[in-house]
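Q: Going down the list, the sequences are from chains G and R. Here the first sequence is numbered in the numbering used here, starting from 1 and rising by one per residue. Here the second sequence is numbered in the numbering used here, starting from 1 and rising by one per residue.
Hints are not guaranteed to be accurate.
[Stated by the list, open to error] Calculated lysine-lysine pairs in the DSS-like style (CA-CA distance at most 30 Å, straight line): (1) R:613 - R:456; (2) R:692 - R:583; (3) R:446 - R:84; (4) R:692 - R:584; (5) R:446 - G:27; (6) R:440 - R:246; (7) G:27 - R:84; (8) G:27 - R:41; (9) R:583 - R:596; (10) R:127 - G:27; (11) R:502 - R:573; (12) R:446 - R:682; (13) R:246 - G:27; (14) R:344 - R:446; (15) R:619 - R:583.
[As the list claims (entries may be wrong)] Partial list, derived from the structure: chain G residues whose beta carbon lies under 8 Å from chain R: (16) 6; (17) 8; (18) 12; (19) 15; (20) 19; (21) 26; (22) 31; (23) 32; (24) 33; (25) 34; (26) 35; (27) 36; (28) 39; (29) 40; (30) 42.
Hints listed in this document are in silico derivations from the structure and should not be mistaken for laboratory results. Cβ coordinates follow ideal geometry from the N, Cα and C atoms, glycine included.
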Amino acid sequence: MIALFWLIPIALILGLLGLVAFFWSVKSGQFDDETGNALRILIDEDEPLFEDAKD
Amino acid sequence: MGVAIAHKNTGCPSGLQPVPIEELDPLGHKVDLSSYVTPTKHGSQQIDLIVQGAHCGGCLAKIERGVGALPGVSTARMNLSSLKLHTEWSGGETGPKTIIQTLSDMGYGAAPYEISASQNQSQTELKSLLRALAVAGFAAMNVMLLSIAVWSGGSEMPSSTHTIFHWISAMIALPAVAYAGQPFFRSAWTALKNKRTNMDVPISLAVFLACGLSLYETVKGNPDTYFDAAVMLLFLLLIGRYLDAKLRLKTGEAAQRLAAMQTTSATRINPDGSLETIPTRQVLPNDTLLIPSGQRIPVDGLILTGNSEIDTHIATGETVPTLSGPDDVIYAGMTNLTAPLTIKAISAHSDSFLSEITKLVELGEQSKSNFTKIADRAARAYVPIVHSLAIMTFLGWLLVGADLRPAALNAIAVLIITCPCALGLAVPAVQIVASGRLFKQGVLIKSGDALERLAKTRRVIFDKTGTLTTGCFTLDNAAEISGENINLAAALSINSRHPIAKALHPYAGNIEAQDVSEVPGVGLRGLINGHVVTFGARQELGRSSTTSRTTESWLQIDGQTPVSFRFSDTPRKDAKETIKELKKLGIASEMLSGDKTSVTQALAQDLGIERYKGDVTPKIKQCIINQRLHEGVHPLMVGDGINDAPALAAAYASASLATASDVSRSAADIILQGDRLSHLPKAIQVARRAQKRVVENLGFAILYNLIAVPLAVFGFVNPLIAALAMSGSSLIVTLNALRMLRS
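Input sequences plus hints: build the corresponding full structure.
A: Structural data, given as structure tokens:
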């Protein structure tokens with residue numbers, strides 16, 4: 001039973017951490033543009049190093 | 001090298017959208033945008049612009065890279081949901097005008113982003129609902145874990161452990177309820193203050209009672225608490241609230257996108273002959289304005305001088321430009337394509353054609369948001385019954401001589417066991433399954449209640465150009481014309497963006513035409529291998545006649561006998577089949593078009609549509625829709641153009657095509673992917689089946705309540721039975737919804 005005194009607080013703290021992370025993500029605008037964010041992953045961020053670089 | 005090439009092309013890089021018309025001088029020189037620029041915390045400057053014509057991830061990347069490459073720009077963030085571009089910069093080289101010019105060069109229109117106070121408020125509301133939802137979800141999960149331990153522990157668990165678990169539950173549930181319950185408490189309080197009641201009053205009451213009693217039980221060390229039920233109820237209700245709020249935010253979207261099509265400036269010709277650039281909202285009726293070619297018309301006007309081709313698709317939905325000259329009236333939102341015009345303004349900015357369409361769309365969207373969903377109607381009947389039952393239980397137990405505590409416990413058990421879990425799931429479960437199924441088939445449903453409305457449709461009203469037809473012209477008599485002649489015509493046409501010229505683009509070979517000139521409304525002329533070649537309407541015939549569905553153009557080489565090319569806007573391959581399928585479902589079809597009545601009639605006869613009307617303005621389209629609404633046939637409007645937007649917004653249900661204009665896609669309930677009309681009857685069938693499942697599920701939820709409530713009233717229900725009954729009923733309702741996947 002002693003395990004419960006550890007496990008319940010740990011479980012709650014982990015849950016709270018998740019909640020705090022979610023609050024942060026809402027605040028930092030990650031839920032503002034669901035369409036755009038879904039497409040952003042498709043954008044290729046690496047650009048050729050040189051203008052004449054061919055793939 | 002995709003990026004470098006994409007920068008040269010204008011508009012959406014996907015190639016699926018029509019190439020935008022280049023607007024020269026998009027803002028005029030003297031329009032002051034400084035009032036929209038605000039300083040940031042870091043000492044730089046920022047502006048929010050609404051960008052017209054951004055569709056996909058490619059547009060997003062193109063816009064952010066293009067604007068981000070401007071000197072001094074530190075942030076360029078495009079929001080594809082609201083079409084808002086947020087830009088931050090420092091230094092004097094860049095300003096709002098350079099940014100708008102850059103966007104315009106890339107083929108996107110831009111205007112300052114003006115957000116209404118009400119919209120701003122609903123955005124904040126949405127965020128706070130999302131946070132409340134997260135808190136309620138966190139609490140529900142944790143309290144449930146503890147409750148399940150208590151339930152399954154049963155008699156084996158010592159009462160001290162019970163009590164500790166209940167205290168932990170209380171410490172999680174009480175702050176969570178205080179935070180996540182606020183949307184309900186506030187709305188209930190406002191209602192009570194105004195001496196009214198609403199759905200939130202009984203919800204708040206149930207949550208308060210359950211929490212208060214559970215706290216009392218915890219303090220007393222008694223075995224049963226109801227914290228889990230309280231937070232679970234809040235969590236489930238908040239999901240619904242959040243989705244609702246999101247939908248409400250969307251309603252303003254179509255109107256907002258239309259408003260973004262308004263040009264922000266106009267060039268006025270003063271009485272002394274000088275030119276002055278003024279903001280569009282300062283234009284007064286009777287002002288004389290200069291409209292350069294390639295610019296949108298700022299207000300409705302009467303042409304004074306000049307002849308030019310006008311892109312009128314915003315008013316008629318037609319792709320072929322109209323040739324307009326002195327004394328013709330042109331409307332705000334149309335584009336002047338080929339030659340400068342001077343016009344006399346006949347409206348102000350606020351009562352122009354475009355503003356009027358915007359208002360009509362807004363009105364239609366508002367009336368649609370008043371639609372009462374079947375679940376709401378059920379809840380309205382259900383809540384008073386349940387609450388009078390709970391009160392009667394409480395009083396009844398007191399009357400037969402029970403103590404205050406068991407009486408209150410039984411009353412709360414009634415409230416909890418009727419917790420509209422099954423009722424709340426009955427409708428959304430079916431809708432989620434049905435929309436998932438339709439999505440796989442290529443139909444995008446934008447809201448759950450759209451399915452309900454789709455199922456009731458008895459009349460489908462189609463737009464013509466771009467909906468029943470492809471909106472693109474094709475060459476009909478290619479077999480009659482020699483390959484050489486087609487090549488010559490194609491060589492000229494490759495220089496033009498006219499819809500008819502575009503039909504010949506696929507035929508272009510390696511012959512090149514020199515000195516090509518385009519005369520508005522007449523055609524193309526150029527030199528090929530030393531011969532003067534003209535292609536267009538036959539001069540002596542005037543403009544080619546369009547009494548039938550075909551349009552004729554002529555190719556003439558060095559004054560020889562002209563060769564006839566016949567083009568027609570072909571109906572979509574599945575149009576006829578779709579109308580037949582709809583008829584089988586007992587749904588009549590009707591066609592409304594901004595095109596001439598004769599053309600409309602010919603197509604209607606081809607496709608077997610009995611009712612049709614040509615020469616319809618956007619406003620009349622909406623009037624006809626309203627008339628059909630009164631007739632009770634629940635009209636479903638299918639359209640693609642901006643001119644259809646008011647009708648789409650007003651109709652009982654509405655559908656648009658994947659390549660339709662942004663405005664009409666925003667205004668429609670469902671979107672047919674791949675521009676396949678044949679998806680429509682399928683969607684209606686699925687919607688009808690879904691409706692049947694909804695009714696079954698609601699029936700089941702009522703049956704469940706008929707059995708469970710008497711048990712609770714007479715005190716036979718303990719929390720374990722309540723939990724089993726509730727999850728059992730939810731499971732059955734969900735399984736019934738999943739049956740949709742099989743058939």
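Q: Is the Cα-Cα distance between residue 502 (chain R) and residue 573 (chain R) 30 Å or less?
A: Distance ~20 Å between residue 502 (chain R) and residue 573 (chain R) Cα, so the pair holds.
Q: Given the hinted pair residue 446 (chain R) and residue 84 (chain R), is their Cα-Cα distance within 30 Å?
A: The hint holds at about 21 Å.
Q: Holds or violated: is the Cβ of residue 32 (chain G) closer than 8 Å to a Cβ in chain R?
A: holds (6 Å)
Q: For residue 27 (chain G) and residue 84 (chain R), compute the direct alpha-carbon distance and say whether it is at most 30 Å.
A: holds (18 Å)
Q: Under the criterion that the straight-line Cα-Cα distance not exceed 30 Å, is the pair residue 619 (chain R), residue 583 (chain R) satisfied?
A: Holds, at about 28 Å.
Q: Next pair to validate is residue 583 (chain R) with residue 596 (chain R); report whether the Cα-Cα distance is within 30 Å.
A: Between residue 583 (chain R) and residue 596 (chain R) the Cα gap is close to 26 Å, so the pair holds against 30 Å.
Q: Is the interface hint for residue 6 (chain G) satisfied, with its Cβ closer than 8 Å to some Cβ of chain R?
A: violated (13 Å)
Q: If you take the shortest Cβ to Cβ gap from residue 39 (chain G) to chain R, is it below 8 Å?
A: holds (3 Å)
Q: Given the hinted pair residue 692 (chain R) and residue 584 (chain R), is their Cα-Cα distance within 30 Å?
A: Roughly 19 Å separates the two Cα atoms, so the pair holds.
Q: Per the CB criterion, is residue 35 (chain G) less than 8 Å away from chain R?
A: holds (4 Å)
Q: Holds or violated: the hint that residue 40 (chain G) contacts chain R, with Cβ atoms closer than 8 Å.
A: Given a least distance of 7 Å, the restraint on residue 40 (chain G) holds.
Q: Hint residue 15 (chain G) vs chain R: min CB-CB distance below 8 Å?
A: Where the cut-off is 8 Å and the nearest Cβ of chain R is about 6 Å from residue 15 (chain G), the hint holds.
In terms of the numbered hints stated before, the structure departs from hints 14 and 16, listed from lowest to highest.
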